[in-house]
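> Read off the chains here:
2 protein chains.
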Amino acid sequence: MTEKSIFRYKVDPRRVDFTERASISSMCDIILEAAGEDAYKRGFGIDVLAERNLGWVLSRMCVELDYMPAEYSEFTIHTWIRDYNRLASTRNFTLTDDEGRMFGRAVSQWCMLDFSTRMPADVNLLARMHEGVMVDAPSPCERPRRIAAVGSEPTAKHRVVYSDIDFNRHMNTMRYIDMVCDLLPIDELEQLNAVRVDMNFMRESRYGDVLSLCVDRRDDACAFEYRSGEGEALCRISLELR
Amino acid sequence: MTEKSIFRYKVDPRRVDFTERASISSMCDIILEAAGEDAYKRGFGIDVLAERNLGWVLSRMCVELDYMPAEYSEFTIHTWIRDYNRLASTRNFTLTDDEGRMFGRAVSQWCMLDFSTRMPADVNLLARMHEGVMVDAPSPCERPRRIAAVGSEPTAKHRVVYSDIDFNRHMNTMRYIDMVCDLLPIDELEQLNAVRVDMNFMRESRYGDVLSLCVDRRDDACAFEYRSGEGEALCRISLELR
Numbered sequence: 018m019t020e021k022s023i024f025r026y027k028v029d030p031r032r033v034d035f036t037e038r039a040s041i042s043s044m045c046d047i048i049l050e051a052a053g054e055d056a057y058k059r060g061f062g063i064d065v066l067a068e069r070n071l072g073w074v075l076s077r078m079c080v081e082l083d084y085m086p087a088e089y090s091e092f093t094i095h096t097w098i099r100d101y102n103r104l105a106s107t108r109n110f111t112l113t114d115d116e117g118r119m120f121g122r123a124v125s126q127w128c129m130l131d132f133s134t135r136m137p138a139d140v141n142l143l144a145r146m147h148e149g150v151m152v153d154a155p156s157p158c159e160r161p162r163r164i165a166a167v168g169s170e171p172t173a174k175h176r177v178v179y180s181d182i183d184f185n186r187h188m189n190t191m192r193y194i195d196m197v198c199d200l201l202p203i204d205e206l207e208q209l210n211a212v213r214v215d216m217n218f219m220r221e222s223r224y225g226d227v228l229s230l231c232v233d234r235r236d237d238a239c240a241f242e243y244r245s246g247e248g249e250a251l252c253r254i255s256l257e258l259r
Numbered sequence: 018m019t020e021k022s023i024f025r026y027k028v029d030p031r032r033v034d035f036t037e038r039a040s041i042s043s044m045c046d047i048i049l050e051a052a053g054e055d056a057y058k059r060g061f062g063i064d065v066l067a068e069r070n071l072g073w074v075l076s077r078m079c080v081e082l083d084y085m086p087a088e089y090s091e092f093t094i095h096t097w098i099r100d101y102n103r104l105a106s107t108r109n110f111t112l113t114d115d116e117g118r119m120f121g122r123a124v125s126q127w128c129m130l131d132f133s134t135r136m137p138a139d140v141n142l143l144a145r146m147h148e149g150v151m152v153d154a155p156s157p158c159e160r161p162r163r164i165a166a167v168g169s170e171p172t173a174k175h176r177v178v179y180s181d182i183d184f185n186r187h188m189n190t191m192r193y194i195d196m197v198c199d200l201l202p203i204d205e206l207e208q209l210n211a212v213r214v215d216m217n218f219m220r221e222s223r224y225g226d227v228l229s230l231c232v233d234r235r236d237d238a239c240a241f242e243y244r245s246g247e248g249e250a251l252c253r254i255s256l257e258l259r
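Those sequence lines, one after another, are chains X and D. Residues 18 to 259, numbered by the working numbering, are exactly what the first sequence covers, in order. Residues 18 to 259, numbered by the working numbering, are exactly what the second sequence covers, in order.
Keep in mind that the hints were calculated from the coordinates and are not lab data. Values in this document were obtained by computation on a predicted structure and should not be read as measured data. Check the hints yourself; a few may be wrong.
Identical copies carry no separate label here, and so any pair may be met within one copy or between two of them.
Claimed, not checked - With a Cα cut of at most 20 angstroms, we get these calculated SDA-like pairs of lysine to any residue:
#1 K21 to S133
#2 K58 to P137
#3 K58 to R31
#4 K58 to G72
#5 K27 to G53
#6 K27 to Y89
#7 K174 to M151
#8 K58 to P30
#9 K174 to S22
#10 K58 to S90
#11 K21 to R176
#12 K21 to G225
#13 K27 to M219
#14 K27 to S133
#15 K58 to D195
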């Protein structure tokens, strides 16, 4: 057993949208940055894994924010792993403002992939990676939901370009979220108070791929599905704006 | 007379492209951030100007980089104003790595606009703003060039969306540059060593506007022009990749 890791962040100008508050994609990006930093610090970051041709792949994530932090505000992220199973490791996060109020919670689920076989990595290896790093504290919110298929016809098409891709030449998570927000009426983003985002990642999209984006308004959430040119679901996002 | 202002920056993960080096747009963004910080520190930032319904508007900028800094590397920006005229203030920048080598230079030209009349601000006000802040050091490179009209037919169209806009609901400079890079063959961006970017800003583009992007390959540079739906030039960018 160990302690939760603590990171400090500041909402600098490039993190904010036109409302001068952090955008949803920026907040998800900061949370993923904390995950990467912590894994690196504890010796199982992508740098170490890459030497053995392994890597962490994000399979699901949820983020709950009670408000969007303002430009220049600072906050603290606590992150910890409580459990893992044969296939996935679950990392938890809380976000706390400078008055000590918890205003955000997140849960991410990661698979370890062997890039030479494109198969999940050995379970014993997963166990060894988690030795001594577990923290006995439950997830701070409901875990990432499974998002049902979105049945609608595509609303938008997008070819994956240079400014969308990460070092693997895959479309990065921020751009998935930004493009979903781009489809919302701008008033909804302006009046946004709280949000819950759920994401399910099924397959990567690569530089040059042409994606279709489908939208389905459900009860109090909006569900989106990115599909490949062949019609396969690549990523689903559900947004509950409050 | 005063001293140059000094700011430190780090190439954090969200600044890099697939080559794991800072992207051209990130470097321009960092340089503009230094400009904003320095103006704020010296008492003529957009916060103070906004109270009088005034604002700085970027009219031209050039950036020269001898190499693209790697992820996690740190560097120092020196910035100063040497001169201004009736219409524009010229701000200079140098970028220096941790071995003390200057690897980047930039010059930006700013107009002060009265938002109530959409006309340039009073010259005496401009003079007062510059009192005591001038530094007697020349621009570190050739000043921003005037980019000639791009004659070609549009190569791409783009509707300005949520993730493109800044707090004024105008398309932000980073997105102008990113979209230009998105049109380049990705090999050119991968093999990029040094770069000179020149930018001429003529009119803002607003949320919802549909832009045309025209491209013209010239000698050793590539010139781009964004046009409004009415065919007016909004912004021209010239990229020399070396």
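> Taking the hints in turn, state whether each one holds.
Here's how the hints hold up against the structure:
1. For the identical chains of this complex, K21 and S133 are neighbours neither inside a copy (33 angstroms) nor across copies (52 angstroms), given an alpha-carbon limit of 20 angstroms.
2. Within a single copy, K58 and P137 get their C-alpha atoms no closer than 23 angstroms, and across copies no closer than 52 angstroms, so neither meets the 20 angstroms cut-off.
3. With identical chains, the CA atoms of K58 and R31 are at most 20 angstroms apart between copies only, with a shortest distance of 19 angstroms across copies and 26 angstroms within one.
4. Proximity of K58 and G72 under a CA criterion of 20 angstroms is satisfied intra-copy only: 16 angstroms inside one chain copy versus 44 angstroms between copies.
5. Within a single copy, K27 and G53 get their C-alpha atoms as close as 17 angstroms, and across copies as close as 17 angstroms, so both meet the 20 angstroms cut-off.
6. When the C-alpha separation of K27 and Y89 is checked against a cutoff of 20 angstroms, the pair qualifies both within a copy, at 6 angstroms, and between copies, at 17 angstroms.
7. Taking the shortest alpha-carbon separations for K174 and M151, neither the intra-copy value of 42 angstroms nor the inter-copy value of 50 angstroms comes in at or below 20 angstroms.
8. Taking the closest pair of Cα atoms, K58 and P30 come within 20 angstroms of each other only across two copies (16 angstroms); inside a single copy the shortest separation is 27 angstroms, beyond that limit.
9. Taking identical chains as interchangeable, the C-alpha atoms of K174 and S22 are never at most 20 angstroms apart, the minima being 40 angstroms within one chain and 45 angstroms between chains.
10. When the C-alpha separation of K58 and S90 is checked against a cutoff of 20 angstroms, the pair qualifies only between copies, where the shortest distance is 18 angstroms, while the shortest distance within a copy is 25 angstroms.
11. When the C-alpha separation of K21 and R176 is checked against a cutoff of 20 angstroms, the pair qualifies neither within a copy, at 40 angstroms, nor between copies, at 44 angstroms.
12. For a Cα distance limit of 20 angstroms, the shortest separation of K21 from G225 qualifies neither inside one copy, at 40 angstroms, nor across copies, at 44 angstroms.
13. Taking the shortest alpha-carbon separations for K27 and M219, neither the intra-copy value of 31 angstroms nor the inter-copy value of 33 angstroms comes in at or below 20 angstroms.
14. When the C-alpha separation of K27 and S133 is checked against a cutoff of 20 angstroms, the pair qualifies neither within a copy, at 38 angstroms, nor between copies, at 33 angstroms.
15. In this assembly of identical chains, K58 and D195 lie within 20 angstroms of each other by CA distance neither inside one copy nor across copies; the values are 29 angstroms within and 32 angstroms between.
The structure does not agree with the numbered hints 1, 2, 7, 9, 11, 12, 13, 14, 15 stated previously, though it agrees with the rest.
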